[in-house]
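Protein chains: 6
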Amino acid sequence: MRIHLVNPNTTVSMTDKIAAAARAAARPGTEIVARTSTMGPASIEGHYDDALALPGLLAAIAEAERAGDQPTDAHVIACFDDTGLEAARTLARAPVIGIGEAGFHLASLIAHRFAVVTTLSRSIPVIEANLMRYGLDRRCCAVRASEVAVLELEDPASGARGRIAAEIARTVAKDGAEAVVLGCAGMADLARALTAEHGVPVIDGVASAVALAEALVGTGLATSKRGAYAPPRPKVYTGLLADFAPKDTA
Amino acid sequence: MRIHLVNPNTTVSMTDKIAAAARAAARPGTEIVARTSTMGPASIEGHYDDALALPGLLAAIAEAERAGDQPTDAHVIACFDDTGLEAARTLARAPVIGIGEAGFHLASLIAHRFAVVTTLSRSIPVIEANLMRYGLDRRCCAVRASEVAVLELEDPASGARGRIAAEIARTVAKDGAEAVVLGCAGMADLARALTAEHGVPVIDGVASAVALAEALVGTGLATSKRGAYAPPRPKVYTGLLADFAPKDTA
Amino acid sequence: MRIHLVNPNTTVSMTDKIAAAARAAARPGTEIVARTSTMGPASIEGHYDDALALPGLLAAIAEAERAGDQPTDAHVIACFDDTGLEAARTLARAPVIGIGEAGFHLASLIAHRFAVVTTLSRSIPVIEANLMRYGLDRRCCAVRASEVAVLELEDPASGARGRIAAEIARTVAKDGAEAVVLGCAGMADLARALTAEHGVPVIDGVASAVALAEALVGTGLATSKRGAYAPPRPKVYTGLLADFAPKDTA
Amino acid sequence: MRIHLVNPNTTVSMTDKIAAAARAAARPGTEIVARTSTMGPASIEGHYDDALALPGLLAAIAEAERAGDQPTDAHVIACFDDTGLEAARTLARAPVIGIGEAGFHLASLIAHRFAVVTTLSRSIPVIEANLMRYGLDRRCCAVRASEVAVLELEDPASGARGRIAAEIARTVAKDGAEAVVLGCAGMADLARALTAEHGVPVIDGVASAVALAEALVGTGLATSKRGAYAPPRPKVYTGLLADFAPKDTA
Amino acid sequence: MRIHLVNPNTTVSMTDKIAAAARAAARPGTEIVARTSTMGPASIEGHYDDALALPGLLAAIAEAERAGDQPTDAHVIACFDDTGLEAARTLARAPVIGIGEAGFHLASLIAHRFAVVTTLSRSIPVIEANLMRYGLDRRCCAVRASEVAVLELEDPASGARGRIAAEIARTVAKDGAEAVVLGCAGMADLARALTAEHGVPVIDGVASAVALAEALVGTGLATSKRGAYAPPRPKVYTGLLADFAPKDTA
Amino acid sequence: MRIHLVNPNTTVSMTDKIAAAARAAARPGTEIVARTSTMGPASIEGHYDDALALPGLLAAIAEAERAGDQPTDAHVIACFDDTGLEAARTLARAPVIGIGEAGFHLASLIAHRFAVVTTLSRSIPVIEANLMRYGLDRRCCAVRASEVAVLELEDPASGARGRIAAEIARTVAKDGAEAVVLGCAGMADLARALTAEHGVPVIDGVASAVALAEALVGTGLATSKRGAYAPPRPKVYTGLLADFAPKDTA
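Sequences listed follow chains A, B, C, D, E and F, in order.
Under this note's numbering, read the first sequence as residues 1 to 250, first letter to last.
Under this note's numbering, read the second sequence as residues 251 to 500, first letter to last.
Under this note's numbering, read the third sequence as residues 501 to 750, first letter to last.
Under this note's numbering, read the fourth sequence as residues 751 to 1000, first letter to last.
Under this note's numbering, read the fifth sequence as residues 1001 to 1250, first letter to last.
Under this note's numbering, read the sixth sequence as residues 1251 to 1500, first letter to last.
Hints should not be assumed to be uniformly reliable.
Claimed, not checked - Below, in silico cross-link-like pairs of lysine to aspartate or glutamate (EDC-like), each with a Cα-Cα straight-line distance of 20 Å or less:
1) C:K674 - A:D175
2) D:K975 - C:E628
3) D:K924 - B:D425
4) D:K997 - D:E815
5) A:K174 - E:E1147
6) E:K1174 - E:E1147
7) F:K1424 - B:E378
8) E:K1174 - C:E628
9) B:K475 - C:E697
10) C:K725 - B:D425
11) C:K725 - D:E897
12) A:K225 - F:D1425
13) E:K1225 - D:D925
14) A:K225 - B:E397
15) B:K424 - B:E397
By construction, these hints were calculated from the structure, which means they are not laboratory data.
Turn these sequences into a full structure, and let the hints guide you.
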């Protein structure tokens, strides 16, 4: 099967790292097609970046659905805020998984209570709102920030890993976390080693999302087109975004 | 004071109606500066339109903050989905009010339980998610759709008013609604007459938002810049949206 | 417009301070008519005082509705416990706002998460119950007591201000509060200076309630008389409280 | 043991009926001392009556605590709204039980989901707010009104019983209620026969409260005087209610 | 009346201690028939022990219902996890009370907020899930573990009492607990002395359950047989547990 | 990989159907080892059957973990009540998935709101309690019973399919369900055809659980052994269940 993985920020080196993590997690026979957004922020840190990443994300989803000789079987949105998840579901024929929700769902299958360790504290409200929307806030004992900026994760000299590890240790000791979800796509390469170090499962959302995409495709499940995720109504779009106008597909 | 009212869809006739409602509600001395988004959907119906309305909305907010000789004292987002509310709060110096939240807050000051009557059923999940995020789902006994499309509200021959009235009657009788919030900016002109007809307060979000904007400005309250609504971090934006890149204002 | 502000405790010096704060917040053209309860406790600290403040409060509301040549347009209950808010709404023709709810609603328009700093810890359960009833507990990250008694706020030598400031600093640092609501009418004069000192909005419920009362009156909204706030049924009242008997107004 | 049962409305015939139900439920050796409030409303229907019943209720509690040669072991507040429950707990040395909470607690021990059938629909919000405060809203599948006024329960010709029975039948059939709590002290005499008729437990709050009062006294448990129910602080009370001023008992 | 108290673990010395506590709490005329499970774990610590204690518990309930010349009026399950409570309710004709729920319900009648102090931290999730199921999580401010193993409670030299007392002191100081429920049947003998030491009610679930059983029997209330607790459907059971097969009793 | 699928009821024909569904859903390379419980109820309908199915379930889990030359990679509990899920997680080294939770999690990835259509109404409270425990009650708009007994699903002449289809139609029309989870392992063969008929995804928990088990194994995630799912403590077990005693594995 073919999974389309879209990095909704425009940093190609980060796409490369995420794609590598996705390929490492994918089963044989799954092809990962990675795509970097071509418009919007270089990293997504808070509500403003989230908002401006949406057109790039949706363009990537649309392109993947249109593209080529082999159809896309599922989309993975590789930003822990699950940026544009619901809009993407209305647009795409194939199922769409966000790496945030993926981490939360798998965590709740292996732990009674999990914590999230993310980048900057401004992302905490975004993540908490998502958890509440999904219902899984009840399973999450803490969302903590390591105060590592997203692009510091690309820089080995930043000390990012140490700050993340310290926050994991804290949430296990103080919040009773039984598992920890890493709150940024750029942390995908750290999960395995941190699991070994801390004695609790440390979960990467990218691998989780690939696995859940495979699960949906394998069971033949696709987004319901009734209700919240009904296809966009055809209408006129204007200006810079005129090309995003939904067409009448009836 | 000067209130900037932005219609995040691109339909000018709708902006005109909304601006008229805002001016009718504003107190003497309040100037309403209405602006229509210049990019994105002609009407906002569901998650996809919401997502693509964001750049136009944020551009309008930014322009109003930059513009002119007299500063903007508050912004009102004139879409009942409160499209882009949180991103706008990180961007703007002045406080920002969404007409959805405005209607919910005022409703909860005059009724123990209120209902919402909106346009299409695809908007129900968006509104319900907002209510939950604000905490006011506990005060809302029903979100009902009249199945009137947004632009039908601009067409007197559409029968829209009758379908909305019927849904109000239903929610009062069946859900025990003590007040009803009209779930679309385009219904702003109907509130007064429907209140008289149905014997319960029927609330227009546009007037509510203007009044709450005046309330915040009058009491000197502005968005907290600590936490969720901290200013966007300066960074590179790419492509079509490069101009939206946050600048370093330190 | 004419706003009736009732202090449900019997301490006149406190009414004076509250009325001054209300007048400072009111817009030109709003007249504040302040009234001190003539029966009940000198300060309201916990459930017992709350209960015994009710007749005095309701008498004041009734008198304001009856009184004079110019009608009352709205009532403000100037106790942070929102003492008697719901009973007052059944009694009054004009809308009624409590300063507690007013502070919570405005706080939730300018901050993702707010805290409350109140007087004695015995008031915490009252405030928490109100927050839950309004639905806004989900937006409140902490209710903290400064252990300042209400009447100490009238005594500059009490050190009250310092203890309140210390608790604000604590909730910003430890609870992640993005804004702070002052939990007593008697703190109304402190909000502006504390905002400047702490770098987050510090919100006074009195000013908030005046602003919300103006907002309701300005938009023509009044308490729904269907359901929870239907007028009291005419019936016999006995003894000391015989005069409170609702009359048949049909 | 001696249980003080206070009817917070001033209708003596209703006290007599309630006292009879209490005595029928009490075990041998339990003395029921019934007292009718001497000030306030003849029946309690909605927020306004609730508020004005408080002084009479608290006076009765205080009198019972002071009175006589044999101490009061527990108080029962015989109004389904649990009028003044929390204020009474701060005042009384002995534990205090409301008949509403008593019915809810026992219902939740014998049924997964219970319903409430009360008098007028204006009482529904009061009862729902209580259920939420107690936490037991999650166990309650419906609060329904029979539209029987409280004093109609004193009049055999009113048809009250039939309307209550019809509402019980409805909640069992439509809401999946496994047990039904009768939502008014004045329905105490109906529980046994309605249980037999409807095939589900129909619960009277008066008997429930007597049993819970016996349970607390028997196990030596009394109201915690730390936190929410700490004794009222000594202070000046003014006017009609001067005599209610808490004394310094230190 | 006759109350059947079943210890679902197989440790007879613990049954003896529990039975003594039950008898001390019971009123004159109540006979306590104590029974120790004859199959399963010697103590119940976590989900696995809970699961394997069920057949022994249900066998004991069935035997008590069948047994003898005098009928059983109520069952008490003497494990704080309320092991098998719901299955027992479907099986038994008489009402069934768990000591966990009993402690929670009585605590919520005498305190606004209570805490639980239990044995090992692995029991915290079990207790928290029960509180949520009952609805009383909203009233509970903390569930804390003393890290005392159940059978250490049988050993005076274990230092168990000191560790429990230390945790009670902590929850009163840090969590604002107004009352404390002891989270293990084996702590039944400590409640009275700990209440005196800590100045807040310390509640034993065994005494609480006996009192609630007496309350239900006294008011004639029994488990609803409609819905969740309908009698088991007759069917074939196989193997080791064949004798547990429900019979057709129609 | 090898997935152990255990049917916790003792009906072999049902295991065969479930195993076929599991094999149809599994990817190439996944081996399904199906096992029927050897003790307990022939079908699981309500709390009593749930309780008595536990030893058989846990014995099967233990046997699979011990057995053979190739290790078990994951366990699936093939009862929609997720019978014994938490106890199994403490016992097993490999991850454990219940088919109920599996259906809920996948449903919430493809629909904003899903419904459950189960067998008998006595199972509704069990399912609702599970949804609340998992947090996913917020995503579920209705749990409905078709009043089909579990073993009727094995009988083509029972009309079971028609009654299930009717209930699906009802929940789509009345509750706004965007997807439907089939609430019994015995319905596994119906999902595909019902999806085609009703125009919304109809989800089988068995296929969902296999897919989620593959997802966990593929990403290397296993149950956290810290907290709720820590291994059972070694101790003496007595009587019929003596062999279930946890051993000291340190």
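Okay, the hints, checked on the actual structure:
no.: 1; hint: C:K674 - A:D175; verdict: holds (15 Å)
no.: 2; hint: D:K975 - C:E628; verdict: holds (18 Å)
no.: 3; hint: D:K924 - B:D425; verdict: holds (15 Å)
no.: 4; hint: D:K997 - D:E815; verdict: holds (14 Å)
no.: 5; hint: A:K174 - E:E1147; verdict: holds (16 Å)
no.: 6; hint: E:K1174 - E:E1147; verdict: holds (18 Å)
no.: 7; hint: F:K1424 - B:E378; verdict: holds (17 Å)
no.: 8; hint: E:K1174 - C:E628; verdict: holds (17 Å)
no.: 9; hint: B:K475 - C:E697; verdict: holds (14 Å)
no.: 10; hint: C:K725 - B:D425; verdict: holds (16 Å)
no.: 11; hint: C:K725 - D:E897; verdict: holds (17 Å)
no.: 12; hint: A:K225 - F:D1425; verdict: holds (16 Å)
no.: 13; hint: E:K1225 - D:D925; verdict: holds (16 Å)
no.: 14; hint: A:K225 - B:E397; verdict: holds (17 Å)
no.: 15; hint: B:K424 - B:E397; verdict: holds (18 Å)
Checked against the numbered hints listed earlier, the structure breaks none of them; every hint is satisfied.
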